[in-house]
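Colleague: Residues per chain are reported as follows:
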Amino acid sequence: MRLAGRLALLLAFAGQPAAAQPVVHSAAPDSVEVTIYRDPGRSADELIDLEEPLGGYALITETRTVELPPGPVTIRFEGVASGIQPESAIVRGVDPAEKNQDRLLLSRRGLLDAFTGQRVIVRRTDPATGRKTEEPARLRSGTNGVVIETAAGFESLHCTYLNQAPIFPRVPAGLSAKPVLSVTTGEQPGGRRQVSLSYLTANFDWQANYVGELSSDSRRLDLFAWVTLASRDQIGLVRAQANAVAGRVERARRASRGDEESEEEDEYDPDDGWEDKYSNCWPSGRTGPAYYQQPFAPDRIPEIEAPIAIRADDYDDSGFNCDSCVLTGSRLASQEALGDLKLYRIPFPVTVASHSQKQVAFLSRPRVKGELVYRSEIEDGDEVGDPQLLFRFRNLREDGLGQSLPTGQVTLFQTVGGRRLLLGETTIEDKAVGEEVELRLPESEAVEAEIVDLEEGEDWSVHRLQVANANDFPIRFEAEFEDDSYHRYERFGSRVREEDRKKIWSVRVLAHGRARLKYRKVDIQDE
Amino acid sequence: MQRLGFIALFAAAPALGQSAQGDLGVTIYQSDLALVQDVRQIDLPAGSSRQEFPDVSASIRPETVTLNGEGFGIAEQNFDFDLLSPTALMQKAVGQTVTLLRTNPATGAETRERATVLAVNGGVVLRIGDRIEVLRDDGLPVRVIFDDIPANLRARPTLSVTLETARAGRRPLTLSYLTTGLKWKADYVALFDERAGKVDVQGWITLTNATGTTFNNAATLLVAGDAAPVQGRRDDEDEPQGNSAGTESADRERIGDFYIYPIAGRTTIANAQTKQVSFLDASGAAAANSYEFRNPWLGAASYARSASTILKFSSARAGGLGDALPAGIVRVYMRDARGQAQFVGESPIPHTAMGSSLGLKTGAAFDVKVRPFVDKREKITPDEWQSTARYRIVEDGRVRTAEVQAQKEYWRSTLRYVLTNARPEPVVVDLIQGGLNPSWRDTRLISESLPGRQLGADERLWQVNVPANGEAVVTAVIDTRD
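Protein sequences appear in the order of chains A and B.
Count along the first sequence from 1, add 694, and you get the number used in my numbering.
Count along the second sequence from 1, add 308, and you get the number used in my numbering.
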């Protein structure tokens, strides 16, 4: 029995609650490392929305120093992230026999539960004079609606609609402001220890944001990219080593967003089942029309939200608006393989504030070789769709890139006649080194394609596809012919390549030039 | 009644941690069910007496309560779950007199009068002297003071039993009941060293208490292996390659077919607590990373898709974890370049017998991708006939038969798979083509560029070597019928 071996040490204290062991408080970590994982359910074109709970998550590793007395001891880790998944916690540096997370929170429900049967003070405020009176009372029932025992007898606290409130003499033991993770060790010699604590926690997210500058001849792209980190956790991470992981990471279902069953289990609401202090009051039906009775005290404390903290003058942070700074290699996040994933490491400590978003550059590659492609699909045999504009490049070192590209949004600019113009916004999915990347841009007006009917037979017709390029530079045009159950294409006037059951005509069109392709369409008879 | 004094109303310290519970034994099943045995020392008077049992689980299933002990018979069992609330207090006060204390909002002057509660139906109807009034009909604040709290209204759920006792004296009473709100599952931490081909696995039992009650100092037993649905894998998801059930027996205590995991010593399971206790610590088990790509039907993809990464290891005694694994979630970690353990994915596992092979999908490979192409799809009519109908014709008392035959039609698909590997070392990808048998008949493989293996009528597997920073191409021609 391995289990017995590990836990036998606890036997020494059998017969006493675990709380009888010495408790060591660890108030805050010495250093923090955070690795952020992308929301698997957020598609590439969806922005991170800091107004909503974030669907991504993070692995936080904290290093803490604790001073331990010898023997079994309970260490309480305070100040852990509020979205912690307690079952994922790993503790190194001490041999934990038991890990606990207590979610009895210091809340009105926690206070009432703890003081049920205890003495409290009831304070009343005279609405006419503002004079306050205090009366000792005993709390007889809390959670189901407050019933107090006063010198006069037994009464409800809230159903009177008087200005009165219970005053508690102290914070009861065992209630904490935030869920607290603690570990109980076995027998150990004591002394100063360095303990590392890692856990998965919700409400983080990240993505890549690319900025591309297309050269004026549209054959080169200056590609620059940010890692955008976002946190909605209540605890800010100060001067943390921050990383981001790219690639698809499998999560078991309970952690995914939109699964109501798991949310119920994960989210512990300290006021669960007790939303309103008036909810268990006796019936209040009246003979007259119901009217809204304004309670004397505000029945809801406004939610305080931390402002989004972006400090431009933070020396340890990268600048937020960094259009003009020169980024040297030491300011760029480095990339390494983590198994089959990619890890981006930010090379300087960053402060990931609560409810904030932060950007650090990870890629800066000038003059990536590629080409502008206009692509049209032939529809119904003799119609051509508006050309779709693409910038196509291969993710190769010899073409000026050769670096993994994680999912994100791309903004493309081009300087035309001395003015920087926004070409469009698009997205990129995870692209490995060696893959072809197509950045889709909006439909173009500068290149026009049309089809002219030439000849027609019983079940065939001959057409001509013509393309006109109004740009000041040459472009590549591609037309895709896909055979379907109604049409077949044949007898092309120029060479076409076959790919994935499509026939593709690819042609270079000079500046202000034209190109033509003759082809035959055959209608397929229903057999 | 000595111990009951503990929860006396005048206790000085907060009620947390104080309890009337006796010697507790808790057996927790995985289907949100636990058996609680609570042995309390109680002094029983001779004759009929009413005994109260506070601090039972707030999520108790009262129909399952039994009370055992010597020298008494149970006259009546009551489960008073009338919780004390203002509403309950008012309802129990029907027919009784209460004191109304009114405060003049302008002057603050108090007036006091006695009232009889006539009815509590959507509003409280009172008789004050010879007047009939509805409480707070004027919307003004009023204190309603009750003379007493009825004995069966309590702040916390309490059991009460009327006993017929033959002989007075102190004795142990064993209270046992089932409760919901206690759950356990397993959580595993797997640290995978890809280069060494090893995995270290720690198993933790995760216990959650949502009963509303703290169980103090309980002897705790966990039972694994029931019909509890394992959360995690979606039903429509295909299980990765490499999973097979084991046939070894673990060195664990069993009850029937169930493994049991006792927690050594006694432990306090606090309300709203998640508690984890280690039960497995295995290091150096052989493990390997593998890749799998499944093309679910005879179709193409418009771009290269990532292959799944599968972590394979065994729970066998030899070269594996050497234990039976209760259902739970395995979280996989790998060390980064600086030696820091980073999370790389998690996967649920069902109850797993010792000796099983496990293949856990941890994610998708950034650098290993597959793009299936359909190069050709054409209709084939080989010289094969099948009978589609047969008639039995009776003519002038003679029977003859006629048969209608049709030529078979096939769809011939020429599939091409391009496998790319941007990693600096060669990889092997398990390439699986699914959807081979759309009509459950007559599917045939015409040719394949690499010898494959049939996984069943519907799927074929090719193990493809993809060179470092390179690509591999597999082609297959398959005939299917509609």
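Simulated from the structure, these hints should not be mistaken for laboratory data.
Predicted model only: the values in this text are computed from it and were never measured.
Some hints could be false.
In the DSSO-like style, the derived pairs of lysine-lysine whose C-alpha atoms are separated by at most 27 Å in a straight line are [as the list claims (entries may be wrong)]:
#1 A:K1197 to B:K684
#2 B:K716 to B:K684
#3 A:K1212 to A:K1063
#4 A:K1196 to B:K684
#5 A:K1197 to B:K687
#6 B:K687 to A:K1196
#7 A:K1197 to A:K1212
#8 A:K1212 to B:K684
Colleague: Would you mind marking each hint as holding or not holding in the structure?
Modeller: Hints versus structure:
At most 27 Å may separate the alpha-carbon atoms for a hinted pair to count; K1197 (chain A) and K684 (chain B) meet this at roughly 12 Å. Under the criterion of a C-alpha separation no larger than 27 Å, the hint pairing K716 (chain B) with K684 (chain B) is consistent with the structure, at around 20 Å. Distance check on the hinted pair: K1212 (chain A) and K1063 (chain A) sit about 32 Å apart at the alpha-carbon level, beyond 27 Å; violated. Under the criterion of a C-alpha separation no larger than 27 Å, the hint pairing K1196 (chain A) with K684 (chain B) is consistent with the structure, at around 10 Å.
With a C-alpha separation of about 20 Å, the suggested pairing of K1197 (chain A) with K687 (chain B) holds against the 27 Å cut-off. For the proposed pair K687 (chain B) and K1196 (chain A), the alpha carbon gap of about 18 Å is at most 27 Å, so the pair holds. For the proposed pair K1197 (chain A) and K1212 (chain A), the alpha carbon gap of about 13 Å is at most 27 Å, so the pair holds. With a C-alpha separation of about 24 Å, the suggested pairing of K1212 (chain A) with K684 (chain B) holds against the 27 Å cut-off.
When held up to the earlier numbered hints, the structure conflicts with hint 3 and nothing else.
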